[in-house]
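Asks: Residue numbers (my numbering), protein chains in the order written: chain A, 1 to 276; chain B, 1 to 276.
A hint or two may mislead.
Label-pair restraints from in silico Cβ distances [stated by the list, open to error]:
(1) G49(B) <-> K201(A): 37 to 47 Å
(2) R204(B) <-> A174(A): 16 to 26 Å
(3) A266(A) <-> N256(B): 32 to 42 Å
(4) P199(B) <-> P199(A): 27 to 37 Å
(5) R175(A) <-> K162(B): 50 to 60 Å
In silico DSS-like cross-links for lysine-lysine, where the CA-CA straight-line distance does not exceed 27 Å [as the list claims (entries may be wrong)]:
(6) K263(B) <-> K221(A)
(7) K259(A) <-> K221(B)
(8) K271(B) <-> K125(A)
(9) K125(A) <-> K259(B)
(10) K102(B) <-> K201(A)
(11) K259(B) <-> K221(A)
(12) K250(A) <-> K250(B)
(13) K271(B) <-> K270(A)
The hints are simulated quantities; they were obtained by calculation from the structure and are not laboratory data.
Quantities reported herein were computed from a predicted structural model and do not represent experimental measurements.
Quick reminder that beta carbons are idealized off the backbone N, C-alpha and C, glycines included.
Read off the chains here:
Number of protein chains: 2
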Amino acid sequence: MKMFNKVVIFGTGLIGGSLGFALKRKGLAGQVIGLSRHRSNAELARRMGAIDRVGSSLGAAQDADLVVLAAPVETIINIAPDLAQRLKKGCLVIDVASTKEKIVTRLNRLIPDFVGCHPLAGSEKKGISNSQLNIFTGSICIITPAPNTSESALKKAKSLWKKLGARILLMPAARHDRILGFTSHLPHAAAFSLIASIPDKFLRISSGGLADTTRIAASDKLLWSQIFLSNRKNLLSSISAFQTKLAEFKLALANNDRKRLLKILAAAGKKRGHLK
Amino acid sequence: MKMFNKVVIFGTGLIGGSLGFALKRKGLAGQVIGLSRHRSNAELARRMGAIDRVGSSLGAAQDADLVVLAAPVETIINIAPDLAQRLKKGCLVIDVASTKEKIVTRLNRLIPDFVGCHPLAGSEKKGISNSQLNIFTGSICIITPAPNTSESALKKAKSLWKKLGARILLMPAARHDRILGFTSHLPHAAAFSLIASIPDKFLRISSGGLADTTRIAASDKLLWSQIFLSNRKNLLSSISAFQTKLAEFKLALANNDRKRLLKILAAAGKKRGHLK
Numbered sequence: 001m002k003m004f005n006k007v008v009i010f011g012t013g014l015i016g017g018s019l020g021f022a023l024k025r026k027g028l029a030g031q032v033i034g035l036s037r038h039r040s041n042a043e044l045a046r047r048m049g050a051i052d053r054v055g056s057s058l059g060a061a062q063d064a065d066l067v068v069l070a071a072p073v074e075t076i077i078n079i080a081p082d083l084a085q086r087l088k089k090g091c092l093v094i095d096v097a098s099t100k101e102k103i104v105t106r107l108n109r110l111i112p113d114f115v116g117c118h119p120l121a122g123s124e125k126k127g128i129s130n131s132q133l134n135i136f137t138g139s140i141c142i143i144t145p146a147p148n149t150s151e152s153a154l155k156k157a158k159s160l161w162k163k164l165g166a167r168i169l170l171m172p173a174a175r176h177d178r179i180l181g182f183t184s185h186l187p188h189a190a191a192f193s194l195i196a197s198i199p200d201k202f203l204r205i206s207s208g209g210l211a212d213t214t215r216i217a218a219s220d221k222l223l224w225s226q227i228f229l230s231n232r233k234n235l236l237s238s239i240s241a242f243q244t245k246l247a248e249f250k251l252a253l254a255n256n257d258r259k260r261l262l263k264i265l266a267a268a269g270k271k272r273g274h275l276k
Numbered sequence: 001m002k003m004f005n006k007v008v009i010f011g012t013g014l015i016g017g018s019l020g021f022a023l024k025r026k027g028l029a030g031q032v033i034g035l036s037r038h039r040s041n042a043e044l045a046r047r048m049g050a051i052d053r054v055g056s057s058l059g060a061a062q063d064a065d066l067v068v069l070a071a072p073v074e075t076i077i078n079i080a081p082d083l084a085q086r087l088k089k090g091c092l093v094i095d096v097a098s099t100k101e102k103i104v105t106r107l108n109r110l111i112p113d114f115v116g117c118h119p120l121a122g123s124e125k126k127g128i129s130n131s132q133l134n135i136f137t138g139s140i141c142i143i144t145p146a147p148n149t150s151e152s153a154l155k156k157a158k159s160l161w162k163k164l165g166a167r168i169l170l171m172p173a174a175r176h177d178r179i180l181g182f183t184s185h186l187p188h189a190a191a192f193s194l195i196a197s198i199p200d201k202f203l204r205i206s207s208g209g210l211a212d213t214t215r216i217a218a219s220d221k222l223l224w225s226q227i228f229l230s231n232r233k234n235l236l237s238s239i240s241a242f243q244t245k246l247a248e249f250k251l252a253l254a255n256n257d258r259k260r261l262l263k264i265l266a267a268a269g270k271k272r273g274h275l276k
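Here chain A stands alone, though its shape is the one from the complex:
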């Protein structure tokens, strides 16, 4: 017997599409139905084999055993009340959005079997055409249960991500948003601002450093404007922290303070060594 007989994925982009692939490949789903704001995206996902069938409306969720919300933050919040009325009892609902507090607060009230999830497997490349079979293997998935999250739904969600090969971290949504405000939303804000500051005519005279530091400035603007706005307070404080460090660097440089500069570079290099 499959873990889920019928799966419905709202949003067949990079994460939603990759999840469809993974569920089918691991034999976890009887059938996978995909929906997208742009029907052509869902059609493409079907042709590529990420989903079995294209759904046409929220009604597709009617007798689903698993519903995956892989749309932008605000879309998820907007469709939730309607979706809640259509679910059969015991249907597990997860999202995969990059900010969690707003979604978890709203959806846990409406859907007892909702579990907020954030697989750290995104990319600046959007769309099903960039989805991959093994995107979740070895990645971290953060799960953000609320006090009223059903125990059985949480258990099922944990089991699902484990089967997809992810390492699970459990934490409250507020803590997730504070951490990711630093480790994901801030780098994006920095990348968008950095590329904006380079004069157009200088762009072609650059090498790997500029390409690396601004790669994520190619990320989807609708998706990211919603991520930024939904984590506004945390992101404002992480930007302030970055501004402080940038000002310290600038001051050391302005003062020709070689000793201080070397100290800053040494500490940064050591810290960067902790990342892969």
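Following the hints, complete the assembly by docking chain B onto the known chain A.
Replies: This is chain B only, laid out in the frame that chain A set:
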């Protein structure tokens, strides 16, 4: 007949070592002698085949036809007077440093056949063990002639980089430093400051975005402190430009100004599209 009978490379790191490989592989050099502050680095370069022989002192340049200065900016400036006295007439001297005005001003006065060069082929990975055979193929090499640069030396330097597969851009050293202050030194300053602003305990909860934007914070600290200090004025003004853009982003976010935020992200994404 080889283009250069005897080549001496000062600094057998990533760029110096790769240049040794390329010169030997393309049959442009009779013999390649390498020197390094740390003799073990030069020995490793020899074992790997990037150079033929390890030199022990500046005296190695005595009867060289090509001298490559692939050391940090200040080392190059410091050894120049001594080096100038040892060169035979007509020996081409090039450097490969990331800032040009200070080096070109000093060296063109001392060495008539000096040509300032900057192959845009660096990386956060340092050392001969990361050098590659084809690092220059298809890359840009900026050449920064001064008014008193000898015509024959300039011609030879252009021919050399063309044979190594690089596309050549000619510009004054001051313009080079202004452009690279934006497209290379600023991204490095941003990366060092960005990683510094992330709380240690949050580091492991991140994905590709943080890794990409801070990759170059692993760059060599001695090398980069000298690059920053030797291009201080330009870098201070590019950091200011970045601070302005970051403040604009922050203001739009603080004001919950969705329209402005979307405009910023759209413009950034479009600009990023011009890079590879």
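Asks: Honestly, which of those hints from before does the structure not fit?
Replies: 13
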